[in-house]
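Engineer: Chain by chain, the residues run as shown.
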Amino acid sequence: MSNVRVLVGTRKGAFILASEGKREKWEISGPHFGGWEIYHVKGSPADPNRLYASQSTGWYGQLIQRSNDGGKTWEPVGNKFVYDGVPGTHQWYDGTPHPWEFKRVWHLEPSLTDPDTVYAGVEDAAIFRSNDGGTSWQELPGLRGHGSGPRWQPGAGGMCLHTIVLDPSNPGRIFIAISAAGAFRTDDAGTTWQPINRGLNSVILPEPTAEVGHCVHRIAMHRSRPGVLFMQKHWDVMRSDNAGDSWHEISGNLPTDFGFVIDVHANEPDTIYVVPIKSDSEHYPPEGKLRVYRSRTGGNEWEALTKGLPQSDCYVNVLRDAMAVDSLDKCGVYFGTTGGQVYASADAGDSWAPIARDLPSVLSVEVQTLP
Amino acid sequence: MIRVWLPAHLRTLARVNAEVEVQVKGAVTQRSVLDAIEACYPVLSGTLRDHVTQQRRPYVRFFACEQDLSHESPDAPLPDAVASGAEPFLIVGAIAGG
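Quick mapping for you: the protein sequence lines, in order, are chains A and B.
Going by the working numbering, the first sequence opens with residue 93, and the numbers climb by one from there.
Going by the working numbering, the second sequence opens with residue 3, and the numbers climb by one from there.
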C-alpha cells in the first residue's frame, strides 16, 4: 500500500507528517531547523527521498538544506545566490527605481527527471537553477533581463518569484509567477521569457490590462494537460487553455475571488480547489467560515466544502504555497493555515480533518505519494 | 588563537557546541577573523555578511571587551585582548523580530 508524506514549512521550522495510504493516522517529525523560517520544502519527483528546503531568517540570511533520506537527516548545501551581471533596478513601492537585492528563496522546484537539478524562485524576483544538487546556483538571467524588469514592483510580501511550474510534456517549457509582475513562460529552458498576462485585469494598476504588473498569487496545472493553467490572482480566479497566451475569468459563484492557493485534483484535470479569502486587506475567510471551494467543471461553478472545517470564528489565512494534493484514489487534498493547522481530506475534499493543529504559522505544504 | 563566540543557531549549523578557536595570519581584524571562521566552517559563509558586498548582516553584531564593534571598519585592528586570546570575539544576533 502507498504511503503519504506531507512536507510543511512554517515560520519556525519544518515538519514532516507521514501516514499510510488510508491517511487516518499521522506521525509528525520536527521541528527541523527550529527557529528558522522554512518557506518551502519539496521532494524530487525522480527520487522521493531527495528533499530540498529553503531555510532563512532575518538575522542570518538564506540557507538551502538537502536530504537524501526523506527528511531524516539534512545537510546544508549552497546558499550563494548572485544575480548575473549588473543587477539593475525595479520599481520601489513609491515608484522610484530600486536596485535588485537578494533576500530569500520562496520556492524550490526540483526537476521532474533529475534529482540533482532544482530551480529556486527568489526575492527580489529571479529564477536560479542548480545542476549539482543545490551546491551551486546560477541565475537564468533572461527572465530578469526581459525588457519589462524595470517596471516590476513588490507586492506587500516583497517582490517574490513564488511559483515555478514545469511542463512534463516539454522539457523546455517553464511557467513562473511573480508578485507583482505577473506570469511568464519560457519555451527554451529559461534562455528567453515572455509575459503571459493577456486577459488579466487588475484595477489596482493604472493600466488594468498592462503587459506586466499583475499580482499573480499562484498557478496550477494538471500534468496530463499542461496547456491548461489555473490561476489565483490577487483578485480573480483565471484559466488559460493555451499555455498562458490568454486568460479568462472563472470566478463564477465564489463568495469572493480573492485568495492565494489554487490546485488541481490529481486524477481529474477539471476538478480544482481554491480557498476564498475575504479581501486584500482582510486576510481571513468570509464570515469566519473556513471553506474550500471545489469546481468539477474547470471553473465558474463552485461548491463549498465545509465538513470538518471550522464554520465559525475562524480568521486564519492560507498562503500561496500551502495547498497540495496526493495522487491516490481517492485524491487527498491538504492545506495549512497561518494558525498552524494542517487540514487533510482523503476523499477529494468531501470531508476534512486536522492532521496537525498547533504548528507555527504555515508557509507551505507539499505532498509526496510514496510507493 | 582567536576565540570566537557564535550565536546558538550558527553553533547548530556549524555543529559546534560552544566557543570556537581560529587561527588568523597577519593583522587581527573583523575581516580576517570572519575570513578564518568561514574557512573553518564554510557553512557559515553568507550568514554573517552578505556574499557579494561582504557587509555585516544588519542583525548581526560584533562585541568584544565590553565594546560594540559592529560599526567599526572591518579592517580596523581588534582589541589586543582579542588578538592575544584573552577575550573572545562575540558574534551576537541582535534582539529583534519574533
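Just so you know, these hints were derived from the structure itself, not from any lab.
Positions of the beta carbon are idealized from the N, C-alpha and C atoms, including for glycine.
Hints are not guaranteed to be accurate.
Stated by the list, open to error - Now the in silico label distances, taken between C-beta atoms and shown as ranges: (1) A:Asp279 x B:Cys42: 43 to 49 angstroms; (2) A:Lys422 x B:Thr14: 51 to 57 angstroms; (3) B:Ala96 x A:Glu379: 53 to 59 angstroms; (4) A:Asp279 x B:Thr14: 51 to 57 angstroms; (5) A:Thr284 x B:Ala96: 51 to 57 angstroms; (6) A:Asp439 x B:Cys42: 35 to 41 angstroms; (7) A:Glu299 x B:Trp7: 50 to 56 angstroms; (8) A:Gly127 x B:His73: 41 to 47 angstroms; (9) A:Gly126 x B:Glu68: 53 to 59 angstroms.
Unchecked claim - Here's a subset of chain A near chain B, in silico, CB distances under 8 angstroms, partners left out: (10) Tyr152; (11) Asn171; (12) Ala248.
Engineer: Does each hint fit the structure? Answer for all of them.
Structural biologist: Now for the hints, and whether the structure bears them out:
no.	hint	verdict
1	A:Asp279 x B:Cys42: 43 to 49 angstroms	46 angstroms, holds
2	A:Lys422 x B:Thr14: 51 to 57 angstroms	41 angstroms, violated
3	B:Ala96 x A:Glu379: 53 to 59 angstroms	41 angstroms, violated
4	A:Asp279 x B:Thr14: 51 to 57 angstroms	43 angstroms, violated
5	A:Thr284 x B:Ala96: 51 to 57 angstroms	43 angstroms, violated
6	A:Asp439 x B:Cys42: 35 to 41 angstroms	54 angstroms, violated
7	A:Glu299 x B:Trp7: 50 to 56 angstroms	55 angstroms, holds
8	A:Gly127 x B:His73: 41 to 47 angstroms	27 angstroms, violated
9	A:Gly126 x B:Glu68: 53 to 59 angstroms	31 angstroms, violated
10	Tyr152	4 angstroms, holds
11	Asn171	5 angstroms, holds
12	Ala248	18 angstroms, violated
Checked against the numbered hints listed earlier, the structure breaks hints 2, 3, 4, 5, 6, 8, 9, 12; every other hint is satisfied.
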